[in-house]
Amino acid sequence: MNRRRTPVLACSVVGAAVVALDGTVLTVAQPALQRDLHADVGQVQWTSTGYLVAVASLLVFAGRLGDRLGHRRIFAVGALGFAAASAGVALVPGIGAVIALRVLQGVCGALLQPATLGMLRTAFPPDRLATPIAVRTAVIGLAAAAGPLVGGALVSAYGWRSVFLLSVPPTLAIGLLALATREPGAGETGTPGRRTAPGLTALDPAGALLLAVTLGLLVHGLVGTARPGGAGAGALACAGAALAALALARHERRAARPLLPPELLRSVPVVAGVAALLAASAALFGSLFVATYFLQDVQRLDPLACALRVLPLALLMVLGAPLCPPLQRRFGPRRTATAGAALLTLGVLLLSRLDATAGALPVGGCAALLGAGFVTLVVTATSVVVHRAPEAHAGVAGGLQQTAMNVGPALGVATATLLLALVPDGGFVPVRGAALPALAAIAALALPAALALPGTARRGTRPDPTAPRPGRRSCVRS
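If you're matching positions, the sequence shown starts at 10 in the numbering used here and goes up one per residue.
Just so you know, the hints here were simulated from the structure itself, not pulled from any lab data.
Careful: at least some of the hints might be erroneous.
So the derived label-pair ranges between C-beta atoms look like this [as the list claims (entries may be wrong)]:
1. THR366 to ARG82: 52 to 62 Å
2. PRO331 to ARG13: 16 to 26 Å
3. ARG262 to GLY168: 50 to 60 Å
4. LEU332 to ARG82: 26 to 36 Å
5. LEU332 to ALA19: 19 to 29 Å
6. ARG259 to PRO371: 42 to 52 Å
7. LEU332 to ALA265: 23 to 33 Å
8. TYR167 to ARG263: 28 to 38 Å
In this text, a Cβ means the ideal position worked out from N, Cα and C, and glycines have one as well.
Make a model of the complete structure from these sequences and hints.
Written out as structure tokens, the structure reads:
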């Protein structure tokens, strides 16, 4: 591997993994945090909700900043800010300060996440993107699976504050590494260099504000709907998100330099890839939400036994990710993603047929199908989104990909919560409930999106046809 690409890959992988780990370890730490800070449940929930709203609201705008100012710089700011906010949470004495710093963590996470993909797009030739994206996805799966175990051990031994200190050394290290790494210039990856537009108007601040309001209200509404008694307020927030989305669409049509570039939104592979990611993440996380209640409340398993039952999901994600690039080269993105969507849908359908006596083998088999299908679809769709987006809009494409991966879980959990409430006596038993069949239908929506992906992997380093043609020939790849 080119020596200049190695630190880029390290920053991208570690940055994405830290964010994934942070989300899962916090869930384990929340009860101890509540007791130590004498907080109520609503305040503790805002330590997660505030973070999610901040991240989802700013991902696309952060990607646009990376396109204009350089992904490496934006990544470094996000990583160093994330480290500082994490250290702050571990030191502050009250719940109000924790919530505020979690929101700041969300802002920094929004700066960091699209840049992890934007840096890969500018550092690697398009035909070599699948492998680093697969490595990144595998490490994210490993971090998410290890989160509850690591969090439980840290909270038991050192208290909840140690969970936040855990992310300080790696984010500090990758932030400094990003500052010391030179970003590739024009022609070094076989694609045209970034074209920046001067002035604040190039960032479309009005569009950024409208998009932030839209996504923020949407995520807040979905998260609120998933809470007991929150359906009314959640529906109101989602209605506000719809109105903000209409205002955003009107503004973007009239803007001279829109936040969401028309050439990106007209790209069928990019739009289809984002849609597939949204449906897949909603189906997976909604199904895991139902499965957790089934295993713990119906079958009376403890959290560790529950985690062991669904361990095949994490294993298939970690082991399956490296197999995705050769599958894409052999069969093309369309057939590879379609197979992944079919496996994911089948896994949710089989999970919906389990009864209260289901043993470890059927549960583990369903989890394996979910993991294999999800990782195949996510790696393939992400590769297409990043590959087919013009390099000048790589950050926005990364922001859209990350937005789908953040909004999807909230949508899936909200759907599951509402449908579980329809069958109060037996909703947690999959075969007697309505939640998992509905989530299987959501997973099936990824099938037409996967069929809209390119049939063959693009060869060479030619940029997307929607991108401006370079004025000179590209340099030969190293």
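Structure-based check of all given hints:
Evaluation of the 52 to 62 Å hint for THR366 and ARG82 yields a pass: the beta carbon distance comes to about 56 Å. Evaluation of the 16 to 26 Å hint for PRO331 and ARG13 yields a pass: the beta carbon distance comes to about 23 Å. At about 52 Å, the beta-carbon gap between ARG262 and GLY168 stays in the expected band of 50 to 60 Å. A C-beta distance of roughly 34 Å is found between LEU332 and ARG82, which places it inside the suggested range of 26 to 36 Å.
Range check, LEU332 to ALA19: Cβ separation about 22 Å, and the 19 to 29 Å hint holds. A beta carbon spacing of about 50 Å between ARG259 and PRO371 agrees with the range 42 to 52 Å that was offered as a hint. The beta-carbon spacing between LEU332 and ALA265, approximately 45 Å, falls outside the hinted interval of 23 to 33 Å. Evaluation of the 28 to 38 Å hint for TYR167 and ARG263 yields a failure: the beta carbon distance comes to about 54 Å.
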